[in-house]
Amino acid sequence: MIQVASGRCLDVHAPDLRQNGGRVQVWNCHGQPQQIWRYDSWTRTIRSEGGLCLDTHAPDMAVNGGRVQVWTCNGSAQQRWTYTQSSGRVQLSSGLCLDAHEPEQLSDGGRVQVWSCNSQPQQTWLFTSTVAQAKKRQAVWNYIRKNKLEDKVKK
Numbered sequence: 004m005i006q007v008a009s010g011r012c013l014d015v016h017a018p019d020l021r022q023n024g025g026r027v028q029v030w031n032c033h034g035q036p037q038q039i040w041r042y043d044s045w046t047r048t049i050r051s052e053g054g055l056c057l058d059t060h061a062p063d064m065a066v067n068g069g070r071v072q073v074w075t076c077n078g079s080a081q082q083r084w085t086y087t088q089s090s091g092r093v094q095l096s097s098g099l100c101l102d103a104h105e106p107e108q109l110s111d112g113g114r115v116q117v118w119s120c121n122s123q124p125q126q127t128w129l130f131t132s133t134v135a136q137a138k139k140r141q142a143v144w145n146y147i148r149k150n151k152l153e154d155k156v157k158k
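Heads up: the sequence shown begins at 4 in my numbering, then just goes up one per residue.
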């Protein structure tokens, strides 16, 4: 799952891959298990390769800046997401959107949170069907940044 504005992948902190409360962040795409996610439109869950679901800390699920983590899949409201492919929006049942904290979105370990949906680039995500696609997209963004072509990319 790639955060389009930065080209970085949604990532579970590696030691936390199978731990309830594990930290979710953005990181340079490398295709390891902590970056593999699957969206199930029937259950509206986003499941990590570690078997846990993308989850918002319950007290934070309706608060801007709310913590995003992984947790045992349980069907709760803090694990129900709607992914809209055309816009790249990933929206929690509370109405807030998955958001890479703007000042940190280009940094490994950058914070991922929920925030009022605003159609800004830090809220645009792309599910990739293969790790190879994720790596290819990262390579494209690296080329764009290296050659200072950001202003020429259609947003």
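Since the hints were derived computationally from the structure, they do not count as laboratory data.
Treat the hints with caution; some may be incorrect.
Distance condition first, Cα-Cα at most 25 Å in a straight line; then the derived SDA-like pairs of lysine to any residue [unchecked claim]:
#	residue 1	residue 2
1	149	105
2	149	106
3	149	66
4	149	61
5	149	131
6	149	33
7	149	104
8	149	110
9	149	118
10	149	129
Using C-beta positions, here's what the derived DEER-type ranges look like [what the hints assert, rightly or not]:
#	residue 1	residue 2	range
11	110	78	15 to 23 Å
12	68	89	22 to 30 Å
13	150	46	19 to 27 Å
14	21	105	12 to 20 Å
15	18	89	30 to 38 Å
16	21	121	16 to 24 Å
Note that the Cβ used here is the ideal one computed from N, Cα and C, for glycine as well.
Looking only at beta-carbon atoms, does the pair residue 21, residue 121 fall within the given range of 16 to 24 Å? Given range 16 to 24 Å: violated, Cβ gap about 33 Å.
Given pair status - residue 131, residue 149, alpha carbons within 25 Å: Distance of about 23 Å is within 25 Å: holds.
Next pair to validate is residue 149 with residue 33; report whether the Cα-Cα distance is within 25 Å. 19 Å, holds
Does the Cβ pair residue 21, residue 105 satisfy 12 to 20 Å? Check failed, 30 Å falls outside 12 to 20 Å.
Given hint residue 110 paired with residue 149 - CA-CA distance at most 25 Å: Within the cut-off at roughly 16 Å; holds.
Hinted pair, alpha-carbon criterion (25 Å max): residue 149, residue 105. Please report holds or violated. Holds. Residue 149 to residue 105 sits at ~20 Å (cutoff 25 Å).
Take the C-alpha atoms of residue 149 and residue 106, compute the straight-line distance between them, and say whether it is at most 25 Å. 20 Å, holds
Given pair status - residue 129, residue 149, alpha carbons within 25 Å: 22 Å, holds
Does 22 to 30 Å hold as the CB distance between residue 68 and residue 89, or does it fail? Between residue 68 and residue 89, where Cβ atoms are some 27 Å apart, the hint holds.
Determine whether the Cβ-Cβ distance between residue 18 and residue 89 falls within the hinted range of 30 to 38 Å. 36 Å, holds
Measure nothing beyond the straight line between the CA atoms of residue 149 and residue 61; if it is 25 Å or shorter, mark the hint as holding. Since the Cα atoms of residue 149 and residue 61 sit roughly 40 Å apart, the hinted pair is violated (cutoff 25 Å).
Residue 149 paired with residue 104 [C-alpha distance capped at 25 Å]: It holds: about 23 Å lies between the C-alpha atoms, which stays within 25 Å.
Of the numbered hints listed earlier, those contradicted by the structure are 3, 4, 9, 11, 13, 14, 16.
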